[in-house]
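In my numbering, the protein residues as written are 1 to 93.
These are computed hints drawn from the structure, not numbers from a lab. Where hints are given, some of them may not hold.
As the list claims (entries may be wrong) - Here are the simulated SDA-like cross-link-like pairs (lysine to any residue), alpha carbons at most 25 Å apart as the crow flies: (1) 73 <-> 44; (2) 73 <-> 18; (3) 73 <-> 28; (4) 73 <-> 27; (5) 73 <-> 15; (6) 73 <-> 12; (7) 73 <-> 57; (8) 73 <-> 11; (9) 73 <-> 7.
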Amino acid sequence: MNSREGARGERGLAHHLTDRGYPARRGQQFSGSPDSPDMVCDRLDGWHIECKCTEPLDLVGAMAQAVRDAAGKRPLMAHPTQPISVAGDADAG
1 MNSREGARGE RGLAHHLTDR GYPARRGQQF SGSPDSPDMV CDRLDGWHIE
51 CKCTEPLDLV GAMAQAVRDA AGKRPLMAHP TQPISVAGDA DAG
């Protein structure tokens, strides 16, 4: 997957959330830090949202990244083309 595909997936997830009453936008794209979730949504404050667009999806690795980067927030990993979202406990890891 290249960065354009990832950006397209993140934009799709932002539209999906926004259409359902959770206005969202892509986050700052700094690699792997609590200040750079893939998605920013004020109505989901307290959640660190990671969007994974890879096929096949490495669910364990993706959730591990979300947990690692969450820094006290609840991690949430979403895949824009799969009916999968996984939320974890902020204390997990």
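Practice task
Report the numbers of all earlier hints that the structure fails to satisfy, in ascending order.
Solution key: none
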